[in-house]
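Asker: Assemble the complex: chain A is given as a structure, and chain B must be docked to it using the hints.
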Amino acid sequence: MSTTQADISQTGTATSLLRFATAGSVDDGKSTLVGRLLHDSKSVLADQLEAVEHASRRRGQDAPDLALLTDGLRAEREQGITIDVAYRYFATARRRFILADTPGHVQYTRNMVTGASTAELAVVLVDARNGVVEQTRRHAAVAALLRVPHVVLAVNKMDLVEYAEPVFARIAEEFTAYAASLGVKDVVAVPISALAGDNVVEPSANMDWYGGPTLLEHLETVPVGSDPGVEPARFPVQYVIRPQSEEFHDYRGYAGQLASGVLRVGDPVTVLPSGHTSTVAAIDALGGPAELAWAPQSVTVRLTDDIDISRGDLIAAGPAATPTKDIEATVCHLNERPLNVGARVLLKHTTRTVRALVKEISYRIDIDTLEQRSGAEGLNVNDIGHVVLRTAEPLALDTYHDNRRTGSFILIDPADGTTLTAGMAGEAFDTIVSTTDASIEEDWV
Amino acid sequence: MTTVTDSPVRTDDNPFALSHLDALEAESVHIFREVAGEFERPVILFSGGKDSIVMLHLALKAFAPAPVPFALLHVDTGHNFPEVIEYRDRTVAQHGLRLHVASVQDFIDRGVLRERPDGTRNPLQTVPLLDAIASGKFDAVFGGGRRDEEKARAKERVFSLRDEFGAWDPRRQRPELWSLYNGRHAVGEHVRVFPLSNWTELDVWQYIEREEIALPEIYYAHHRDVFRRDGMWLTAGEWGGPKEHEAVENRLVRYRTVGDMSCTGAVDSDADTIEAVIAEIAASRLTERGATRADDKLSEAAMEDRKREGYF
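Those protein sequences? They're chains A and B, same order as listed.
Residue numbering for the first sequence follows our numbering, starting at 1 and increasing by one per position.
Residue numbering for the second sequence follows our numbering, starting at 446 and increasing by one per position.
Bound-form chain A, shown alone:
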């Protein structure tokens, strides 16, 4: 397969964009895998490779350490740590990719939640020798929690288990069952060796028994995006455009990006939270008028009625949630300062920021066992929990299950503006796994 950068120019601009995240620790070979994807898709250019070779030599390593490609800041290199999420870009003739590369250690949950929030696919890496371990289940749980639509299990280091099919089959089966129990709908398992290059970009010559796609082939062909045609339209208003010029004297357009669904001229719409109804009079796409627009396009919408609409309002078509001041949500706490019952915070939902009070922390979820532990007074950094919030003004939230954009929010410290917590309206998982059965627990360990 030739997937050089040069191929892209011939396909013009008709390639799609896939945002995906990788999860796994250094021990699983994640950096090597990412380096391999970048290198074998010809996305690493000569001067970058030279810099890596230079750095490797200086450290006394013989071969260029592909993991260094994904190293970023001097602070990290000096301390041997990885801060937060790094974004990588590569392309093949079929697709452009944005990879959120999340480190597997210390701040793992926070980082992976951040990386997975915009991802349409998550690659979970396991070491074929170790199989599904606690960390694997945690990564699967975070992907399920963030409702990443597609999950790929990359069973790495197949070269160290003699490319044995039964080893792969056992791990794939166990992982797929676990992911399905979390409500993950699409799981694909690929046996690979990131180090040797098996099934990453090129098909492996060592695993005839595997008939599936290579990792890159799967990334290139997995469907991108949901189907706006079957979703209710959600259009958070970002900004009101009023040119107040001679030519556009009466122009009043609502600028925003469709969070979901399709809007057509003539569609009846409801403005939330006010509940006023109107009809779409015109849609101005970027550069010209359009009959319809769909997520995630940025457009400007004009309505037939002159009603009071401003930033923070939601223009909705189709069944819409009743605006509420009482929110139940699953949250991941991101900050070193704990989130406590009684905390007064700001809540940013789509384009609206309101004051909010943490009324209750219903329970904390052990991300490794999925057990719900009640009685928590506060949530610490990396904790996942279920909370009850009261807001000063009503919000038109969908459940995160129904809509990743209009079902999500962040909590902000009003004192210094720090982003404290990531929130998802509704329950954490489609299927809550009972962990009271000790026999199942044993199977996992």
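No lab work stands behind these hints, which were simulated from the structure alone.
One or more hints might be untrue.
Partial list, computed: chain A residues near chain B (C-beta under 8 Å) [what the hints assert, rightly or not]:
| # | residue |
| --- | --- |
| 1 | Asp84 |
| 2 | Ala86 |
| 3 | Tyr87 |
| 4 | Tyr108 |
| 5 | Asn206 |
| 6 | Met207 |
| 7 | Tyr210 |
| 8 | Val224 |
| 9 | Gly225 |
| 10 | Asp227 |
| 11 | Thr277 |
| 12 | Ser278 |
| 13 | Pro296 |
| 14 | Gln297 |
| 15 | Arg405 |
Label-pair restraints from in silico Cβ distances [to be verified]:
| # | chain 1 | residue 1 | chain 2 | residue 2 | range |
| --- | --- | --- | --- | --- | --- |
| 16 | B | Pro562 | A | Pro338 | 50 to 56 Å |
| 17 | A | Glu393 | B | Asp576 | 35 to 41 Å |
| 18 | A | Gly212 | B | Gly676 | 56 to 62 Å |
| 19 | A | Thr322 | B | Gly581 | 41 to 47 Å |
| 20 | B | Leu544 | A | Ser374 | 56 to 62 Å |
| 21 | B | Glu609 | A | Arg58 | 32 to 38 Å |
| 22 | B | Ala681 | A | Arg264 | 39 to 45 Å |
| 23 | B | Leu544 | A | Arg264 | 47 to 53 Å |
| 24 | A | Arg373 | B | Leu544 | 54 to 60 Å |
| 25 | B | His667 | A | Leu160 | 33 to 39 Å |
| 26 | B | Arg559 | A | Ala282 | 55 to 61 Å |
| 27 | A | Gly211 | B | Ala728 | 32 to 38 Å |
| 28 | A | Thr324 | B | Ala612 | 39 to 45 Å |
Derived coverage of chain A by chain B (criterion: at least 3 residues anywhere in the stretch with Cβ under 8 Å from a Cβ of chain B; other residues may be distant) [as the list claims (entries may be wrong)]:
| # | segment |
| --- | --- |
| 29 | 239-248 |
| 30 | 265-276 |
| 31 | 409-415 |
Computed from a predicted model, the values in this text were never measured in an experiment.
Think of the CB as a built atom: it goes at the ideal place given N, C-alpha and C, for glycine as much as any other residue.
Answerer: Just chain B, lined up with the frame of chain A:
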């Protein structure tokens, strides 16, 4: 700048799929509108380079048919390509924009900054930039930085908080989830905003082609008197080149990036059309910074250090 827009290209089997350029454009426009909705005094850093030109093009589309609700700020090193300054002034006039200029030369003349021995003025831009941000009371500053450009940029946020000294602390950056950008800042602090974060050099060029965006001529192949320094072709000029031992020759070149003349190199190229430029970049084995920026070759962490001090 005309806004020629064909309907978004549909790909895959999904009738509602967007091409990668449409997806990137929609995201960038969303970022511009978030800033317009949440900040008091945003400003766009405009150098006349291709990334800032694409930024301005996106801003024009984001607020049409109303004018762009931001001013432009140019940090002028004094070592400019005349073609770029002409382009800047033409663009400002065409769209009725307001332009602020922060001049490195002024700071040198006033004795606040001192010329470096190598004549390079890129690192000297930080002080005039921060001064202009403070005196203009700008609370959001749009930059054309892309994460694919450089290692330190790969971890940059779309909304990047800067303290009273303009400094960037990677550990203080806020987690950025979904498309929920947090622009809150204290008085005296500001937020750098990077609408092109997720674009690559090739995306920028493909977008320039699709949107038929005019660029300064120096981006296309032309004959020019140049001399060799540090492995790059530099243009002769008052800034301090060539030195005695450096021979000037006339070559067919073009620029991949546009910055301070003293440290921005031209590349040998016969790409005189947008199609030829895209083909050249797609086949290039060097990153644009590796090929053309002397200042990034100073050390492994040159960009990280400059960012920490408040650079773009």
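Asker: Are the hints correct? Go through all of them and say.
Answerer: Status of each hint after checking the structure:
1. Asp84: holds (6 Å)
2. Ala86: holds (5 Å)
3. Tyr87: holds (5 Å)
4. Tyr108: violated (13 Å)
5. Asn206: violated (30 Å)
6. Met207: Since the shortest Cβ distance to chain B is 28 Å, the answer is violated.
7. Tyr210: violated (25 Å)
8. Val224: holds (6 Å)
9. Gly225: holds (6 Å)
10. Asp227: holds (6 Å)
11. Thr277: violated (24 Å)
12. Ser278: violated (21 Å)
13. Pro296: With a minimum Cβ separation of about 5 Å from chain B (threshold 8 Å), the hint on Pro296/A holds.
14. Gln297: With Cβ-Cβ at 5 Å, under 8 Å, it holds.
15. Arg405: holds (6 Å)
16. Pro562/B / Pro338/A: 50 to 56 Å: holds (52 Å)
17. Glu393/A / Asp576/B: 35 to 41 Å: At roughly 40 Å between Cβ atoms, Asp576/B and Glu393/A fall inside 35 to 41 Å, so the hint holds.
18. Gly212/A / Gly676/B: 56 to 62 Å: violated (46 Å)
19. Thr322/A / Gly581/B: 41 to 47 Å: About 45 Å separates the Cβ atoms of Thr322/A and Gly581/B, which means 41 to 47 Å holds.
20. Leu544/B / Ser374/A: 56 to 62 Å: holds (60 Å)
21. Glu609/B / Arg58/A: 32 to 38 Å: holds (37 Å)
22. Ala681/B / Arg264/A: 39 to 45 Å: At roughly 59 Å between Cβ atoms, Arg264/A and Ala681/B fall outside 39 to 45 Å, so the hint is violated.
23. Leu544/B / Arg264/A: 47 to 53 Å: violated (41 Å)
24. Arg373/A / Leu544/B: 54 to 60 Å: holds (59 Å)
25. His667/B / Leu160/A: 33 to 39 Å: violated (56 Å)
26. Arg559/B / Ala282/A: 55 to 61 Å: The hinted range 55 to 61 Å holds for Arg559/B and Ala282/A, with Cβ atoms some 57 Å apart.
27. Gly211/A / Ala728/B: 32 to 38 Å: holds (34 Å)
28. Thr324/A / Ala612/B: 39 to 45 Å: holds (41 Å)
29. 239-248: Result for this restraint: holds, n = 8.
30. 265-276: It is violated: at least three residues are needed, and the segment 265-276 of chain A offers just 0 whose Cβ sits closer than 8 Å to chain B.
31. 409-415: holds (count 3)
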